[in-house]
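Please build the complete structure, drawing on both the sequences and the hints.
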Amino acid sequence: MKKINYICALIFMLVIASCNSDNAEEANDYKNRMKLASDWITAGYSGKDEAIAMVSDNMAEDGEYVGSRYVGFGFVWNPDGDGMVVDYVVPDSPASSVLQEGDSFIKVNGIELTNENRNRLGFRGKPGENVQAVVLRDGKEVPVSFARGPIQIKYSKKQTLDNFAQADADTWGPEDFDVIETSVTNSGVVYVLHWEEFIEENTEYKSNAFTITRFEFNESGKVTWIGELTEDRFVLEQQGWSISR
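Residue numbers for the sequence shown follow the numbering used here, so the first one is -10 and each next one is one higher.
Rather than coming from a laboratory, the hints here were simulated on the basis of the structure.
There may be inaccurate statements among the hints.
[Stated by the list, open to error] Derived Cβ-Cβ restraints for the label pairs, each shown as a range:
{"no.": "1", "residue 1": "Ser35", "residue 2": "Glu193", "range": "15 to 25 angstroms"}
{"no.": "2", "residue 1": "Glu170", "residue 2": "Gly128", "range": "52 to 62 angstroms"}
{"no.": "3", "residue 1": "Gly36", "residue 2": "Thr219", "range": "39 to 49 angstroms"}
{"no.": "4", "residue 1": "Gly99", "residue 2": "Asp46", "range": "24 to 34 angstroms"}
{"no.": "5", "residue 1": "Thr219", "residue 2": "Val131", "range": "18 to 28 angstroms"}
{"no.": "6", "residue 1": "Asp167", "residue 2": "Glu189", "range": "15 to 25 angstroms"}
{"no.": "7", "residue 1": "Tyr77", "residue 2": "Glu189", "range": "37 to 47 angstroms"}
{"no.": "8", "residue 1": "Gly91", "residue 2": "Glu170", "range": "18 to 28 angstroms"}
{"no.": "9", "residue 1": "Gly99", "residue 2": "Phe199", "range": "19 to 29 angstroms"}
{"no.": "10", "residue 1": "Glu50", "residue 2": "Lys24", "range": "16 to 26 angstroms"}
{"no.": "11", "residue 1": "Val131", "residue 2": "Arg203", "range": "37 to 47 angstroms"}
{"no.": "12", "residue 1": "Thr219", "residue 2": "Thr103", "range": "27 to 37 angstroms"}
{"no.": "13", "residue 1": "Asn104", "residue 2": "Asn21", "range": "44 to 54 angstroms"}
Using N, Cα and C, we set each Cβ at its ideal position, and we do this for glycine too.
Okay, here's the thing in structure tokens:
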């Protein structure tokens, strides 16, 4: 009987030791995730090369960089070019069933588009409001009609690196920044509270803002999902406010 009790006690001790080992391993894994998330934010503020290296080394190949939601149509165009040519159509957006990459806007709500007026043609407004437009596609004029709705852009790892590569290294980053606090949930999701101070390029006004960024990871410790948790602009636009300078 004493032998049986001894064996049971030994098994119990081994189970406890195994649980403690698992808990220590999990705690260490979460600590590594928190450090990586904090370092990610720091790299993003520090410079173009640092940001590119961080994404290259630590984002999963199927990872997503998720933008804040806003009200709009869901297409991206290059403001440095002539006219308004669609460079990218956001999947599952109002524009995704109407526009194609390469479409060039000719008219918007009956007004002919020019370089001078293209930023004043009413692409902002309440959800559900329609815009009637004409685009040039494969040499033919095509009428299109679509309504504003909620948009959330998701960039793949490749798209994220391409966006960073096109950015200007000389104007990268804020005037000052600080990582305030990092926390982790029981499921291993990490949140980072950070602050930045910046000067708006056109007005030269100095501003500052707090932001919370959310990170998800795979079993290998690579970032699979990253996004900033702010929807103040989205709330205003749903109520019909136009966001402008």
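Can you give the numbers of the hints that this structure goes against, from lowest to highest?
Hint check: 3, 4, 5, 7, 8 and 9 fail, others pass.
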